[in-house]
Amino acid sequence: MRRVAVVEDNPDNRLLVRAILEEKYNLCEYASGREAIAKAPRDLPELILLDISLPEMDGTEVLERLRAFRALEKVPVVALTAHAMVGDRERFLAAGFDDYIPKPILDPTHLVGVIESLLAGAG
Amino acid sequence: MKTPLDPETVERIRALGGDELFSELVGLFLVHTPERLKSLRAGVFENDLSRAEKAAHSFRSSSATLGARSAAEKAAVLELMAQRGESEALRKNLPAFEATAASLLEFLGRSFSGSTE
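Residue numbers (our numbering), protein chains in the order written: chain S, 1 to 123; chain P, 124 to 240.
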């Protein structure tokens, strides 16, 4: 199983992601940006789902810090956001994310499709 | 009582993980929401708008996950007011939002204990 990480402070959103992905991927869950920065370089996920609105440190800053680790610099990172505004996707791509998924995540086909596409691209 | 939950969202949750997943999500909402409401109120009345914004955002995200659209939309309004630094508007709108949240909690409490119908 390929390893996918989710960085999400809301336990209900982590639960939803787990319900969709746990049978397909080896899932690492981090409840904060700090936890992700501390553990992801050791866990070495092949793709990261990263909530934008995290306490203490927002998703964009977490992305920058994760990318600073050589082992993670090329790992695809997907922004998760409840903001869902026109132009979000372009804004997040410009910030360095590889894709964007609006919350709540209730469409497993879309989520898995995005993950599979990026994993295929990452080799 | 009319359900405050969007039936399509509830069905999607059940399609993902059945009644067990729905019950777990409701349980998490019931456990975490009082703390978020407390934090929101403290943020509003202590003029800590960053705290208020985060609490409103968390509530919005969790209520939207369950399909509680009206409550999520009201939380989004408070979140935006906090972002814009509109302290007075936050104080004015907080009681109505808290009433909506209390009503939702009451509904979900009954739902969680198996008397939704």
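It should be emphasised that the hints constitute simulated quantities derived from the structure, not laboratory data. All figures in this text were calculated on a predicted structure; none of them were measured in a lab. Cβ atoms here follow ideal geometry from the backbone N, Cα and C, with glycine treated the same way. Hints may be right or wrong, so weigh each one.
[Said to hold, decoys possible] One side of the interface only, derived from the structure: several residues of chain P facing chain S at Cβ under 8 Å:
1. Thr132
2. Val133
3. Ile136
4. Arg137
5. Leu139
6. Asp142
7. Ser146
8. Lys161
9. Ala187
Problem set entry | Given hint Lys161 of chain P near chain S, where the shortest CB pair must fall under 8 Å | violated (16 Å)
For this session: Report holds or violated for the interface hint on Arg137 of chain P, using the least CB-CB distance to chain S and a cut-off of 8 Å.
Result: violated (11 Å)
Exercise. Holds or violated: is there a CB of chain S closer than 8 Å to the CB of Ser146 of chain P?
Worked result: Nearest chain S Cβ about 11 Å off; hint violated.
Problem set entry | Hint check: 8 Å Cβ-Cβ cutoff, Ala187 of chain P to chain S | Since the shortest Cβ distance to chain S is 5 Å, the answer is holds.
Exercise. When the nearest CB of chain S is found for Asp142 of chain P, is that gap smaller than 8 Å?
Worked result: Hint on Asp142 of chain P: violated, closest Cβ of chain S at ~13 Å, above 8 Å.
Problem set entry | Supplied contact hint for Leu139 of chain P, tested at 8 Å Cβ to chain S | holds (5 Å)
Exercise. Regarding the hint that Thr132 of chain P lies at the interface with chain S, is the smallest CB-CB distance below 8 Å?
Worked result: holds (6 Å)
Problem set entry | Supplied contact hint for Val133 of chain P, tested at 8 Å Cβ to chain S | At 10 Å from the nearest chain S Cβ, Val133 of chain P fails the 8 Å test, so the hint is violated.
Exercise. When the nearest CB of chain S is found for Ile136 of chain P, is that gap smaller than 8 Å?
Worked result: holds (7 Å)
The structure fails hints 2, 4, 6, 7, 8 (numbered hints given earlier, in ascending order).
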